[in-house]
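A.B. asks: Chains as they are written, first to last, in the numbering used here: chain F, 1 to 176; chain Z, 1001 to 1353.
No lab work stands behind these hints, which were simulated from the structure alone. Take the hints with a grain of salt, since some may be wrong.
Calculated pairs, EDC-like style, for lysine to aspartate or glutamate (alpha carbon to alpha carbon, straight line, at most 20 Å) [said to hold, decoys possible]: (1) F:Lys149 - Z:Glu1004; (2) F:Lys158 - Z:Asp1233; (3) F:Lys157 - Z:Glu1338; (4) Z:Lys1022 - Z:Asp1158; (5) Z:Lys1159 - Z:Asp1233.
Pulled from the structure, derived: some chain F residues nowhere near chain Z, Cβ distances all over 10 Å [stated by the list, open to error]: (6) Lys20; (7) Thr23; (8) Tyr24; (9) Val33; (10) Pro37; (11) Ser61; (12) Pro62; (13) Val90; (14) Ile109; (15) Lys138; (16) Lys159; (17) Lys172.
Here the structure is a predicted model, which is why all the values come from computation and not from measurement. We treat Cβ as the ideally placed atom computed from N, Cα and C, and that holds for glycine.
Spelled out from the first residue to the last, the chains are:
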Amino acid sequence: MMDKILLAGFGGQGVMFIGKILTYAGMLDGREVCWIPSYGPEMRGGTANCSVVISDEEIHSPVIEYADFAIVLNQPSYDKFLPRVKPGGVLVANSSIVSTAGKRDDIEIIAVPAGDMANELGNVSLANMVCLGALLPKLTMVDLASVEKAVSAVVGKKKPELYELNLAAVRKGLGK
Amino acid sequence: MSKELMKGNEAIGEAAIRAGCKLFFGYPITPSTEIVEYLSKHLPKAGGTVLQGEDEVASINMCYGAATTGARVMTASSSPGFSLKQEGMSYLAAAELPVVVVNVNRTGPGLGGLGPSQADYFQCTKGGGHGGYRQIVLAPSKGQELYDFTMEAFDLADKYRTPVVILSDGFLGQMMEPVELKKRPKADLPAKDWVVGGCKGRAKRKVASYSLTNEIGEVNNLHWEAKFAEMKDSLQRWEAFHAEDAEYLIVGYGTCGRIAKSAVLKARRQGIKVGLIRPITLWPFPEEAFANLDGVKGILTVELNFGQMVEDVKLAVECRTPVYFHNRLGGMLPSENEILRKLGQVFDLAVEV
């Protein structure tokens, strides 16, 4: 099994962060993982994206031509990456600021008002984690327990309050 | 042993520290900057020094000076910066100084772009500087190899008294993968009985590359020629992936090598006998991998350049089977499906992608 995941949004929306969380989650569960940032001058301002591959066997090609899953946090990312999800795949969109009017009927599009839901938690910058929670039931290689471990490993030790807040957002996205 | 999630460039830095590197001289350039960044943070704690030179020329010559004292020394750069180091590389080869030099290949020519490329293959393997020298070139394809090969590069440099190049690319440098931080393996290395560190109580030594007369020049060159021949005989290394019964061989190194593995597996699932030769030493080029081509109907070389390693493949194959070429340029990467389509096209095979 292999999950190929594309993550995209504005710089500052925490795209790289949820990529790292997913990568750690896979690694801490003993999976093969790979995190690939887009890098270069486009990193400052504009859109940011990264891709994550999580697999139960060795990852040879880390190049994602068509993804199994995508999380898009803003409109340009939705427009850019909608065609890059393979038929039967799942795309989670932050519908607080993304119009999912341009549709594909061969993939599942989950529209989550992640910005609004994050605001209810008191911090709009948690929209990324809400979307991660919404995608979680669809992923084959990681689950909530592994994400909890990953958040703990990445932010937990230094800032325990951030650990709770991030996981609250993930659970909200999961509908729990 | 537990694994750490790190960028490829960070893996190089950590491996250097654990290999006993004590001095790093460099000038930052994307996409290699995380190497100097990582070392700046961690090498001083390990008793080493990181010094940013005023430019690449200064940095490589600082490596020359430091290596003459017997310390383990490294520098790292990316294509345009690596070009600036070439005169120094030639001097290192002539003075036979062990230095590890990382080139995180970005696109070119000129200032180029920041994406991954393999267009520095000629420059690294044929002698980017003057004078006809050879140097060991290692081509990692994943985080763990960036770590392992960097560590080994220091031993190879000491064993053969030569500069060793780690040829990475922007993709490998920026990608994060789990890396097992292995301990430095024990290596049986010759004593550094040539270093210049003060000659009180012993005969004076000299480390220099100048040949005062043509007669001396010929003696020196015969010595280098013999050394290069010995390295060529003893160091060739490659990975053969499903190559044993292959009717079609892909040849690719680094990033292309690992992508090609996915193409091989996909072809095999369709009953097409495809294999891969992934050169690990680019110099010496693994000619021995092509010694037996019985049953091989053709070869497809995949590179991120206009066609460089394919020349070495053709020299090794000696026209025994046709050699084709596929590339992507300017920072773009081929997908496994693209490689498979090309295989189908050149060898007239029905492939499903």
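A.B. asks: Indicate, hint by hint, whether the structure satisfies it.
C.D. replies: Each hint, compared with the structure:
Taking the CA atoms of Lys149 (chain F) and Glu1004 (chain Z), the gap is about 15 Å. The hint holds against a cut of 20 Å. Proximity of Lys158 (chain F) to Asp1233 (chain Z) is assessed by CA-CA distance (about 53 Å); at most 20 Å being required, the pair is judged violated. A C-alpha spacing of about 44 Å is found between Lys157 (chain F) and Glu1338 (chain Z), which places the hinted pair above 20 Å, so the restraint is violated. Restraint check for Lys1022 (chain Z) and Asp1158 (chain Z): satisfied, since their Cα atoms lie roughly 14 Å apart, inside the 20 Å limit.
This hinted pair checks out: Lys1159 (chain Z) and Asp1233 (chain Z) have alpha carbons roughly 15 Å apart, not beyond 20 Å. With a closest Cβ-Cβ approach of about 8 Å to chain Z, Lys20 (chain F) is found to fall inside the 10 Å limit, against its non-interface label. At roughly 6 Å, the least C-beta separation between Thr23 (chain F) and chain Z is not larger than 10 Å, which violates its mark as non-interface. Not every beta carbon of chain Z lies more than 10 Å from that of Tyr24 (chain F), the smallest distance being close to 6 Å; the non-interface claim is violated.
Residue placement check: Val33 (chain F) does not keep its beta carbon more than 10 Å from all beta carbons of chain Z (closest about 6 Å). Interface exclusion of Pro37 (chain F) from chain Z breaks down, the closest Cβ pair being 6 Å apart, not more than 10 Å. With a least CB separation of 4 Å from chain Z, Ser61 (chain F) falls inside the 10 Å interface cut-off, contrary to its annotation. The Cβ of Pro62 (chain F) does not lie farther than 10 Å from every Cβ of chain Z; its closest approach is about 6 Å, which violates its non-interface assignment.
For Val90 (chain F), the condition that its CB be more than 10 Å from all CB atoms of chain Z holds, with the nearest at approximately 21 Å. Annotated as non-interface, Ile109 (chain F) keeps its C-beta farther than 10 Å from every C-beta of chain Z; the closest such distance is 24 Å. In this structure Lys138 (chain F) is separated from chain Z by more than 10 Å, as the shortest Cβ-Cβ distance comes to about 23 Å. No Cβ of chain Z comes within 10 Å of the Cβ of Lys159 (chain F); the nearest lies about 19 Å off, and the non-interface call holds.
Residue-level check passed: Lys172 (chain F) sits 26 Å from the nearest beta carbon of chain Z, beyond 10 Å.
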